[in-house]
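Protein sequence lines correspond, in order, to chains S and D. Going from the first sequence to the working numbering is simple: count from 1 and add 81. Going from the second sequence to the working numbering is simple: count from 1 and add 49.
Careful, some of the hints might be misleading.
Said to hold, decoys possible - Mimicking SDA-like on lysine to any residue, the simulated pairs with C-alpha atoms at most 20 angstroms apart in a straight line are:
(1) S:Lys212 with D:Ser81
(2) D:Lys140 with D:Arg119
(3) S:Lys126 with D:Thr209
(4) S:Lys212 with D:Thr104
(5) S:Lys408 with D:Thr104
(6) S:Lys139 with S:Lys408
(7) S:Lys212 with D:Lys140
(8) S:Lys212 with D:Arg119
Source of the hints: derived by calculation from the structure; they are not laboratory data.
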Amino acid sequence: MIMTHPGLPDAWLWLALAVMFLALLKILSIKPKLTNKSRYISVEKIPVVGQIAILFSKSPWPLVILKFVSVGLFLTVIAAGLFGTPIPERNLATTLTWTVWWSGLIITVFFLGSAWCAVCPWDTIASWLVKHRMWKRADPSSSLGLRMPKMWRNTWPALIMFIGLTWLELGVGVTTNPYATAVLSLVMIVMATSYMAVFEGKPFCKYVCPVGRTVGFYSQVSMVELRPKKQDICAECKTLECYHGTEEIEPCPTHLVMGTLTQSTYCTSCSACTMSCPHQNVAWRLRSPASEAIQYARPHWDEAWFMLGLLGLTTFHGITMMEFWEKGLSSFAQVIGDSGQLILSFSLGMAIVFAAPILLYAVLIKIMQLLIPIKVSFKKAFSTLAFISLPLAFVYHIAHNLNHLIRESRGFTNVLLNPLGRDSLPLSSSELHMRHMNPLISEQLLYALQAGLMIFGFWLALQILQKRTLDILNNQFYRRYYLLPGIIFIMSVTAFNLWLLVQPMTMRM
Amino acid sequence: MRLSQVFLAMIVFFYGVAAAQAHHVLGRPSYSLGEDSNTPPSMQVETQIGDFYVTYMAFPAFPKPNEQGRVNLYASRIDNGLPFDGEVTFKVRDDSWFASKEEILGVQKIDDNVYRQGFIFKSDGSYIVTAEFESGGEPYKIDFPLQIGEPSSVGPIGITIGVLIFVLIIVNVLQRNRRFQLKAQRAHRANNQ
């Protein structure tokens, strides 16, 4: 029996559209500022949370304990996947990995940035295997320490991995297959370990890991960042312990220098810099979300593709859970003579959906080039404005994931108590119905969150568009109509994603 | 070729091996339970082939050796929903790389829009049940997975551990060679001075 989640009601849709219209008027009415002054609040000054942040910054042990928990759960996932029941909703491998972790992870990025990477079990196990250290600096001879070849020092491998992961997830159906989920986990361990054993630092995290890069790019739209407390201390620092490490503490695994850090994309929140800084000048702070995407992050060609890829793939996730997708895929398969699991039809459909927003974006960038009075290369304009896709992808991703997390994670405690699902039966129709009717939070609150998120993403994208357009124009000749192609893109993507949210969504398990 | 490129090529090769070990599944198995019946849970796979939607159900969902089981096959035309009316041949073979021996389970005629085939397997294993029929002069052949008893799960763990040990040993050996070379170079320089 296929159950569907109800879509966003019309009232919420119209409310969201009305607020978005006002946001559009607002952005067109204000004069862009050359630099936006961001406000910051040190996390350490917040009661309770601040104490926890200090604890994590000064001692390695809280993080080590969390790593043990994360590795323990990860190994249980593998055991459950390989030796447990094949019923996906009764097996910890599928429920924890896809319903709880993968859905919840994106939500945590907003509040905690790339904190997940600090306790990632793939990296932790790889580190333990290669470096034989719990947290202290390892002997450099534990790895071959080769430099990653220059042609691979970009985010293309991560984009390819993310496309592959989406294909496995939705095309091959790994999300409903505990065994395949466990095998995928093992493959990730082998990859992380091999990269760490051969190359210096953590190139797997920086260039290859689809989860790490997704978290990294989304953390540009996060409300927290790890930065120097006082910039002048870093400016005068000659020893750069954050970059080189100390006798005890590892250097930054992704080669970041705290004093010049302007974007969190490659920060893995490992705490090496907070512990190695002799001036204790590195700390977490609250900031205006997207301040990084609006002005601080530097545009790069490969990163622009990753951000647009994220947008295409998140929208694709939503589309595959619509009833029309199944019907369309079936008709398409008949036309091209595809049979069985319809992998070929799925792959072609995925390629089309993935390419559509990127193609639209490229066309609009071309139009923008014609509109503006100065000559700017296509590559520069494409890379600079690609940041607008980040909040659009992020908010839709969260809004979509909220449906999975809030409507499908009921009963997770039972799975946790019986992770292998021994002697369990599939969900009966009445259990399915009960889950469907009893989400973790009230439906109206869920709708409010989804509508609010879409408005928030739209507003951030408009701000990014305005500031980045000004950057392209070298802060001169600004005219409102130069924003038009970007506004068309933002409106098209938001309208389509809102429409997807309004549709009933097929329950995953 | 640089050392890093050799290693990357090796990594790619081992991922290929790991991927080839993956489960052979055509269609997506799902498990269901009728709330208003006391029948055991069933495993169901839906798939599409040519002009037909085909649904395959296995009872019980997790059959054991020497236990009576049954597969039900429904085939209906995509265009008008009419069931296929003819004969379906059910065959079975081992789901392993080098298995070629195929046995005929039986040939079934339609019974209340369903083709029913009983089975008893003597030993644990992963099997592929093939359903074959002909419609409009075209042959149709559909493979479905059938797991008897517990699946063998040592394979993926064994491969993972094997690859990890191999990588770590190679790195260790190369590092030792490097150190020896470095020592030899230093000694050579010291002798020359």
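Hint check results:
no., hint, verdict
1, S:Lys212 with D:Ser81, "violated, 46 angstroms"
2, D:Lys140 with D:Arg119, "holds, 13 angstroms"
3, S:Lys126 with D:Thr209, "violated, 46 angstroms"
4, S:Lys212 with D:Thr104, "violated, 51 angstroms"
5, S:Lys408 with D:Thr104, "holds, 16 angstroms"
6, S:Lys139 with S:Lys408, "violated, 56 angstroms"
7, S:Lys212 with D:Lys140, "violated, 52 angstroms"
8, S:Lys212 with D:Arg119, "violated, 53 angstroms"
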